[in-house]
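Enquirer: Spelled out, the chains give:
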Amino acid sequence: MKLYRTLQMASLALRHNIMRAALTTLGIIIGVAAVITMMEIGNGAKVAIQRTMASMGANTVVVLPGAISVAGVNNGQGSMMTLTPRDADEIMRECPSVSWVAPIVRARTQVVYGNRNWVPTYVYGTTPLFLNIRDWTDMYEGEAFTEHEVLNSSKVCVVGQTIVKELFSGQSPVGKHIRIRNVDFKVIGVLRKKGANLMGMDQDDILLAPWTTIKYRVVASSLTGGNQSSTSSAGAGELNTLNMIYPNLQQNLYYTQTTTEQYDAQPPIRFPNVDQILTAARSGDQIPAAIQHISSLLRQRHRLRATDPDDFSIRDMTEITKTMSATAEMMTELLLCVAMISLLVGGIGIMNIMLVSVTERTREIGLRMAVGAEPGDILRQFLAEAVMLCMLGGTMGILIGRGSSYVVSLVLRWPTAISVGAIVAAVLVSASVGIAFGFYPAYKASRLDPIEALRYE
Amino acid sequence: MNLIELNDICKTYHLGELDLPVLKGISMQVAKAEYVALMGVSGSGKSTLMNILGCLDRPTSGEYRLDGREISGLTAKERARLRNRMIGFVFQNFNLLPRMTAFENVLMPLVYCRDNLTEREMERRSVEMLQKVGLAHRLHHKPLQLSGGEQQRVAIARSLINRPQVLFADEPTGNLDSRTSEEILQLFQQLNSDDRITLIIVTHDPGVALHAQRTVRIKDGLIDSSAASLGAGAVAQ
Chain W
1 MKLYRTLQMA SLALRHNIMR AALTTLGIII GVAAVITMME IGNGAKVAIQ
51 RTMASMGANT VVVLPGAISV AGVNNGQGSM MTLTPRDADE IMRECPSVSW
101 VAPIVRARTQ VVYGNRNWVP TYVYGTTPLF LNIRDWTDMY EGEAFTEHEV
151 LNSSKVCVVG QTIVKELFSG QSPVGKHIRI RNVDFKVIGV LRKKGANLMG
201 MDQDDILLAP WTTIKYRVVA SSLTGGNQSS TSSAGAGELN TLNMIYPNLQ
251 QNLYYTQTTT EQYDAQPPIR FPNVDQILTA ARSGDQIPAA IQHISSLLRQ
301 RHRLRATDPD DFSIRDMTEI TKTMSATAEM MTELLLCVAM ISLLVGGIGI
351 MNIMLVSVTE RTREIGLRMA VGAEPGDILR QFLAEAVMLC MLGGTMGILI
401 GRGSSYVVSL VLRWPTAISV GAIVAAVLVS ASVGIAFGFY PAYKASRLDP
451 IEALRYE
Chain B
458 MNLIELNDIC KTYHLGELDL PVLKGISMQV AKAEYVALMG VSGSGKSTLM
508 NILGCLDRPT SGEYRLDGRE ISGLTAKERA RLRNRMIGFV FQNFNLLPRM
558 TAFENVLMPL VYCRDNLTER EMERRSVEML QKVGLAHRLH HKPLQLSGGE
608 QQRVAIARSL INRPQVLFAD EPTGNLDSRT SEEILQLFQQ LNSDDRITLI
658 IVTHDPGVAL HAQRTVRIKD GLIDSSAASL GAGAVAQ
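Protein chains in written order, with the working numbering: chain W, 1 to 457; chain B, 458 to 694.
Derived by calculation from the structure, the hints in this document are not laboratory data. Careful, some of the hints might be misleading.
Stated by the list, open to error - Below, computed lysine-lysine pairings styled on DSS-like, alpha-carbon distance capped at 30 Å:
{"hint": "1", "chain 1": "W", "residue 1": "444", "chain 2": "B", "residue 2": "489"}
{"hint": "2", "chain 1": "W", "residue 1": "2", "chain 2": "B", "residue 2": "481"}
{"hint": "3", "chain 1": "B", "residue 1": "481", "chain 2": "B", "residue 2": "676"}
{"hint": "4", "chain 1": "W", "residue 1": "2", "chain 2": "B", "residue 2": "534"}
{"hint": "5", "chain 1": "B", "residue 1": "589", "chain 2": "B", "residue 2": "599"}
{"hint": "6", "chain 1": "W", "residue 1": "176", "chain 2": "W", "residue 2": "165"}
Everything numeric in this text was worked out from a predicted model, so none of it was measured.
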């Protein structure tokens, strides 16, 4: 028998008793709707958790320069000067798995305002994207510095809440000027409170400024030196200019090369380096891809041979990522259990009504058999009816589920997200519920004796 | 050659411990295009014989050849195909599907026939059959909108749609008034003589049996031989 005939017959049978069909599918409708709603709210929760995790830095991938040994003494992580701002730009441009990149220049110096002073845990020179990576873009007050100010090495900065407390006694610092190593900075924004990080470090004890400003005006010692203990010797002219502007900036304990000597012994590398590059992967599961992309890009940019070791190292937040995926997994499993139970109940309803339907239509079955329907034809017909019932229920359930999750997101303001997986699963599961629970009644119908069926009253 | 050959057909029902023999050894032949009436009081076993003849049931023992083919060993599926192809049924209570139109009721057996007919061909045949029984104007009426006689005509059209060799009618006029009965019987007569369809009618109305060329009487699970010979004498072929 042709498939479309079977479906036509099934739809005719269902249309005959619309009320009953509707009530029967109610079980499936409610089951599927519940599953979809739960899945979408769950998905939303997952997204929210992921976002929270991301703000903790779960998607962060940190690139640090490698270590260098001088005369057998290893200077530890970050002592090589191999990372450049250009590296950061290229990572942003070339790595599809990376959403944001920010170079960081670190300093640890005193900050002065009026008669108060404070040494922030973090004095970072960076770009505005740093705030995107740390999910810190909404400011408590004022605004963040811009790319333009980075290019201009403007003397502006953004401070965290702890600094507001320590330097400004809680008063608004926006528009006020502070001094960092005798360089005057205008405070243009205050960051939102973030509290301590997982290690217990106060994240609000932070001062952010354009990396060019920190690099050239504050750390200032050189174009190449990130390590402030060894004053190296590039860009003498510029250095001298800075020295003239801020005479007490440098107190060299050691012999400084003269200008002539510097011209005689050009340092081999003449690019500005940064202390680290902070990047954010697009999502938690893209972190391995991001690491891989960044690694191969940097090896290429640094012209490393296949046998050379990396002159940088890449870190991700494995611990947080693991927690995140474990949470998500548990939530999915929980929802799956709920889904199974509600669909089981719905399926039993379907089986029940199909049994009634078989009994009710015994004569019809007998007649169909008499005119030549094979047992298989009868089986298919009733199975098609059950599956159609379930699929209808599934479709309705999906619509209702989508609707109610929309309402939930509207009224309760819970985050929801469409779960395509849940929709596909709902369709498949409702079809298989139809087959599983429709089979017994259909089998019973196909086993009927045509003579008795014809005589049935 | 005989279309139907029965050889010592027995049928015993088992009701718990009790064995209930209904047919006790029936042998008969029906030739092609013959018109036979099966008569007998209720409980005589004529319905059981009818079911066996119609391949709805299997005999407990004995041989049944339909068109030269041994039937008693066939599986349910094979018998279903055979019923679809070779046999038409007309019932006392019409047995039309109430939710379908006359046209759809007539079409139904074609759905189960594995000839891969096109939709158009199926429709053409269905309409043709309804015309044949004189219901061309009632194609899209549901059974409840038709009179008893019309319903029976639809049922006859349905039984004929697969061009069967033999038509079994179980009390076809039992639910009809005498005038409609006469019309139906005339239709049967016409099918038998024009289309050379073999007809076997179960009835206990002697008036109906008179239309047949031969009457076979069943009594207590056996053919009542005196009456059978009488019936055979009436055959003038």
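Enquirer: Decide, hint by hint, whether the structure agrees.
Expert: Checked hints:
Taking the CA atoms of residue 444 of chain W and residue 489 of chain B, the gap is about 38 Å. The hint is violated against a cut of 30 Å. The suggested pairing of residue 2 of chain W with residue 481 of chain B is violated, with an alpha-carbon distance near 43 Å, which exceeds 30 Å. As the CA atoms of residue 481 of chain B and residue 676 of chain B are separated by approximately 10 Å, the hinted pair is consistent with the 30 Å bound. Between the alpha carbons of residue 2 of chain W and residue 534 of chain B the distance comes to roughly 17 Å, so the proposed pair stays at or under 30 Å and holds.
Between residue 589 of chain B and residue 599 of chain B the CA atoms are separated by roughly 18 Å; this keeps the pair inside 30 Å, and the hint holds. Taking the CA atoms of residue 176 of chain W and residue 165 of chain W, the gap is near 14 Å; set against the 30 Å cutoff, the hint holds.
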